[in-house]
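> Please build the complete structure, drawing on both the sequences and the hints.
Each chain, letter by letter, is given below.
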Amino acid sequence: MSMLDTLLLISLLTVLLTGLGQRVTFIGWIATLLLTAQLLTLLLMGKLGYGGEIIDASFGFSILGQPLNWRYDALSWFFALITIGSALAGSAFAAGAWGDQYRKEGGNPGLLQFSIALNVLAMLLLLGSGDLLSLFIGWELVSWASLLLMVIAGGRASEFGMRYIVYATAGAMAVLAGLAIIFQLTGSFAYDDLAAVAPALNTLQIVTLTLLFFFGFGIKMGLLPFHLWQADAYAETPGPGTAFLGAISSRMGLYAILVVIIQLIGLVRLIEIEIPYSFLSLRDLLMWVAAISIIIPTFIALRQSDARRLLAWHGIGQGGYMLIGLLVLDPYGSAGGLMHVFNHATYQAALFLSVSAVIYRTRTSDLNRLGGLVTRMPLSFLVMLIGIIGLAGIPPMNGFVSKWLVYRSLIIEGMPLLFVASVIGTLGTILSVYKLIHNTFLGQLRLEHEHIREVPLSMTIPMLVLSAIVFITGFMPGLVLDWVGSAQVALGMPQLAHTLGGVESTQGSLDMIWVCSVLFGGFAVGALLFYSGNKAKRVHQLDNYAGGHFLTADVRYHYSDNFYAGLMHHIGSWYRGSFLWLESSLISVVSSLSGGAQLLYNSFHPALYLLMAITLSLYFFIG
Amino acid sequence: MKSTDLDRIEVNPKTMPKRTNPLANVFDDLVRFCRSRSMFMLHYCTGCGAIELPPAMTSRFDMERLGIQPMVTPRQADILLITGYVSIKTLKRVILTYEQMGSPKYVIGICSCTVNGGMYWQSYATAKKLDEYMPVDLYIAGCMPRPEAVIEGLQQLMDKIKNDQANSWKQYYENYDYYLGNQQKLFGNNWQTPTDVIGEAEIYRLMGPQTLGEHTKILQQVQKPMEPLEMKL
Chain A
1 MSMLDTLLLI SLLTVLLTGL GQRVTFIGWI ATLLLTAQLL TLLLMGKLGY GGEIIDASFG
61 FSILGQPLNW RYDALSWFFA LITIGSALAG SAFAAGAWGD QYRKEGGNPG LLQFSIALNV
121 LAMLLLLGSG DLLSLFIGWE LVSWASLLLM VIAGGRASEF GMRYIVYATA GAMAVLAGLA
181 IIFQLTGSFA YDDLAAVAPA LNTLQIVTLT LLFFFGFGIK MGLLPFHLWQ ADAYAETPGP
241 GTAFLGAISS RMGLYAILVV IIQLIGLVRL IEIEIPYSFL SLRDLLMWVA AISIIIPTFI
301 ALRQSDARRL LAWHGIGQGG YMLIGLLVLD PYGSAGGLMH VFNHATYQAA LFLSVSAVIY
361 RTRTSDLNRL GGLVTRMPLS FLVMLIGIIG LAGIPPMNGF VSKWLVYRSL IIEGMPLLFV
421 ASVIGTLGTI LSVYKLIHNT FLGQLRLEHE HIREVPLSMT IPMLVLSAIV FITGFMPGLV
481 LDWVGSAQVA LGMPQLAHTL GGVESTQGSL DMIWVCSVLF GGFAVGALLF YSGNKAKRVH
541 QLDNYAGGHF LTADVRYHYS DNFYAGLMHH IGSWYRGSFL WLESSLISVV SSLSGGAQLL
601 YNSFHPALYL LMAITLSLYF FIG
Chain B
1 MKSTDLDRIE VNPKTMPKRT NPLANVFDDL VRFCRSRSMF MLHYCTGCGA IELPPAMTSR
61 FDMERLGIQP MVTPRQADIL LITGYVSIKT LKRVILTYEQ MGSPKYVIGI CSCTVNGGMY
121 WQSYATAKKL DEYMPVDLYI AGCMPRPEAV IEGLQQLMDK IKNDQANSWK QYYENYDYYL
181 GNQQKLFGNN WQTPTDVIGE AEIYRLMGPQ TLGEHTKILQ QVQKPMEPLE MKL
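Those protein sequences? They're chains A and B, same order as listed. What the first sequence shows, in the numbering used here, is residues 1 to 623, in sequence order. What the second sequence shows, in the numbering used here, is residues 1 to 233, in sequence order.
Simulated from the structure, these hints should not be mistaken for laboratory data. Hints should not be assumed to be uniformly reliable.
Computed list of lysine to any residue pairs in SDA-like fashion (alpha-carbon distance at most 20 Å, straight line) [stated by the list, open to error]: (1) Lys-92(B) to Thr-552(A); (2) Lys-160(B) to Arg-19(B); (3) Lys-224(B) to Asp-177(B); (4) Lys-537(A) to Pro-104(B); (5) Lys-535(A) to Ala-201(B); (6) Lys-535(A) to Val-31(B); (7) Lys-92(B) to Gly-548(A); (8) Lys-535(A) to Pro-228(B); (9) Lys-89(B) to His-549(A); (10) Lys-537(A) to Phe-187(B); (11) Lys-89(B) to Phe-187(B); (12) Lys-89(B) to Gly-548(A); (13) Lys-537(A) to Gln-76(B); (14) Lys-537(A) to Met-207(B).
Pulled a few chain B residues facing chain A out of the computed Cβ check, cut under 7 Å [said to hold, decoys possible]: (15) Val-26; (16) Thr-73; (17) Pro-74; (18) Thr-97; (19) Gln-100; (20) Pro-194; (21) Lys-224; (22) Pro-228.
Take a look, some chain A residues computed to stay more than 12 Å from chain B by CB distance [stated by the list, open to error]: (23) Gln-66; (24) Asp-543; (25) Tyr-545.
Using N, Cα and C, we set each Cβ at its ideal position, and we do this for glycine too.
Have a look at this one:
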């Protein structure tokens, strides 16, 4: 029995135990314990992250003569680490006081733990897939498992879940069609066969396969124009569920794109294919899709007034950075893209947990109804501060390193327009994360929040651990770049030469240890000036300057409502909802087509169609 | 109000006694020099004198070459510039703003109105002498003073800071009872600002014999203290 078997067995055990123990009050701690066991097992497989041998599962099936097998390489291990890590953070957060309150409000924390565990199992299976058929099975498992997590909250969440599953099914059909074409071409579902055949495929076949898979897998990533489902579906999940979904769920699409399009079909082929009447190659087209997936969702996030939706929209935008980096196909870009998966998971989970902590105390995530919580929840503030620095890609947090790598690769490879596009995305990110922290934690504390306290330890510890990771991997990015380098090798890409502090190369160097030292040296000088001066005196928040007015508690001097009104005056008209229009027109086309088909079937000769169907299926099975 | 009221104020000795350590002297001089060359100015523009400030601030006369530039909040400001007549309603705001400034702070009264009420001498709603309510470092008289005069006055203030003579902010703490009394006469006994001046005087070690008195007793009876928000874990 290999380590991979053990890992999957523990994962299965987690699913079974959490599934059976729905009524047990301490089910959350059991789930946390088992997820810790999974993490430890994964860490025992840690050689994978440093260029170790591929680990095969000892079990396997055969369906219609097609073998299915599972194995873990460096890439799978890297993604699995992020999956289990974020699940563990969410599960631990939900296990204690959060779960008790959730139960009091009529929720079922056991079900939440069960669905997180189920998602982890499905993702581990997907990540371990050793051929296209097991990839597809894993893909479907992940799709349906995440539906469960999305609809737990009920109510509107069910609608958003239904919307998701429609998109996901369409994507799955596209993937299935792609698999059918591959099977016709190669006669098998093995990775090696496809990789062997790929160089001989003609342009039409490559384009068809690429578009089918990119559509199918891209839906999960929320790439434009199929981004509408994601933010709503993620944001409605109960607290820690959003952290898990936001951190890793849509990265499964990236994993599948990596395996099928970049590794098997091969990016080099895509670069060769020119799109007629344009200056773009097929690869450039995909990169522009990624770039627009950065800009538009980020600026939609800027407009949100719900903290969870704001973060969920950023999840889509940051996915664009990962894809754009990986499509550049040089050591910098692919390392940046892969590293951003890890970095995004860490700070996004921390941010969602911090928002959940605020919701836990204030019962709202409406950015217009919060403010000034920093004096009441300083630890949550710290976590959110570290998280948004990471999300905005500012030193010394880890998000800076991966974004720097992506930018650097775009400059080196001579793609200035794409570079500008990603920088515009970052601008929107910085603006919107400022809105998030300002409206939640800064400014005037509301009367109704005077008496709230920091959340209990069971919730602060997962948040603080995550933010510690965000900082440490930003301070010493070499820790993650080791794993990323192994994953690059597993993908057959050139490896990025790196040091503990970052990158050392003639094409561009980055030493985060040095950057952080300078930064904190500056802080130290400031602190020295501050603490060597006179004693500071704290004043009441109403002892504040408002043009000479005497402030009272009923006067709102901190305007969080209609934030960025000036900016929205200029760009507000750009939010036209064209994609909503596109979606609704697609819906009406599909529904009228299906209505027509139903009409045809119901009113004309239903018996005849039934007979035809039976004859054909008999022919298929017997003949 | 009797004209002898001002005599009650205990004025600081013009200069602090020099410290014996020569290094400390050099350091003090350096600090005062830096302080005089970098001043943020909160212009509380109450009257027509305000119109002389834009030319003084902008390229024609350019007060920024002296290191003086406008600031939007009292917490970071060094100079409070009051440009013109101070109505009773405005005076409350001026006092609130003055008390919110961090020490050392300097008050400049511009125009005749701040000196003696000027053309509003007969008005029932105007406070005539600004220095009955807060210590004023410098008056720039005129109706209105030209930008040259404003800049001349600011240069005088800089010299006073350099020579350690601009210490009137200490008088506010040392004679708080007197200033508070005048304020109470005008605004009534319920008058209070959010700032805890007596507490600040303790922090600055400027409690003098005139800091507390009958007026501060009245204040302490009506005052609703505003406790700062503590960080709570």
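> Does each hint fit the structure? Answer for all of them.
Here's how the hints hold up against the structure:
With a C-alpha separation of about 15 Å, the suggested pair Lys-92(B) and Thr-552(A) falls inside the 20 Å cut-off, and the hint holds. Proposed proximity of Lys-160(B) and Arg-19(B) is supported: the alpha carbons are some 19 Å apart, at most 20 Å. Taking the CA atoms of Lys-224(B) and Asp-177(B), the gap is about 18 Å. The hint holds against a cut of 20 Å. Restraint check for Lys-537(A) and Pro-104(B): satisfied, since their Cα atoms lie roughly 15 Å apart, inside the 20 Å limit.
The hinted pair formed by Lys-535(A) and Ala-201(B) meets the criterion: a straight-line CA distance of about 13 Å does not exceed 20 Å. Between Lys-535(A) and Val-31(B) the alpha-carbon distance is near 18 Å, which keeps this suggested pair within the 20 Å criterion. For the given pair, Lys-92(B) sits about 8 Å from Gly-548(A) by alpha-carbon distance, which is consistent with the 20 Å threshold. For the suggested pair Lys-535(A) and Pro-228(B), the alpha carbons sit about 15 Å apart, so the restraint of at most 20 Å is met.
Under the criterion of a C-alpha separation no larger than 20 Å, the hint pairing Lys-89(B) with His-549(A) is consistent with the structure, at around 11 Å. Straight-line distance between C-alpha atoms of Lys-537(A) and Phe-187(B) comes to about 28 Å, which puts the hinted pair past the 20 Å bound. Using a Cα cut-off of 20 Å, the hinted pair Lys-89(B) and Phe-187(B) holds, with the two alpha carbons roughly 9 Å apart. Of the supplied pair hints, the one linking Lys-89(B) and Gly-548(A) holds, its CA atoms being roughly 11 Å apart against a limit of 20 Å.
Restraint check for Lys-537(A) and Gln-76(B): satisfied, since their Cα atoms lie roughly 14 Å apart, inside the 20 Å limit. Only pairs whose Cα atoms come within 20 Å are accepted, and Lys-537(A) paired with Met-207(B) is accepted, the gap being roughly 17 Å. Interface restraint check for Val-26(B): the shortest CB-CB distance to chain A comes to about 18 Å, outside 7 Å, so the restraint is violated. Hint on Thr-73(B) holds. Least Cβ distance to chain A is approximately 5 Å, under the 7 Å limit.
Taking 7 Å as the C-beta contact cut-off toward chain A, the hint placing Pro-74(B) at the interface holds, the least distance being around 5 Å. Because the closest C-beta pair between Thr-97(B) and chain A is about 5 Å apart, less than 7 Å, the hint holds. Annotation: interface hint on Gln-100(B) holds; nearest CB of chain A at approximately 6 Å, less than 7 Å. Annotation: interface hint on Pro-194(B) holds; nearest CB of chain A at approximately 4 Å, less than 7 Å.
The interface hint given for Lys-224(B) is broken, as the beta carbon of that residue sits about 11 Å from the closest beta carbon of chain A, more than 7 Å. At about 4 Å, the closest approach between the beta carbon of Pro-228(B) and any beta carbon in chain A falls short of 7 Å, and the interface hint on this residue holds. Once the 12 Å rule is applied to beta carbons, Gln-66(A) is consistent with being away from chain B; the minimum gap is 59 Å. Not every CB of chain B lies more than 12 Å from the CB of Asp-543(A), the least distance being 4 Å, so the non-interface label is violated.
A cut-off of 12 Å between C-beta atoms contradicts the statement that Tyr-545(A) is not in contact with chain B; the least separation is 5 Å.
Hint compliance for this structure: hints 10, 15, 21, 24 and 25 are not met, and every other hint is.
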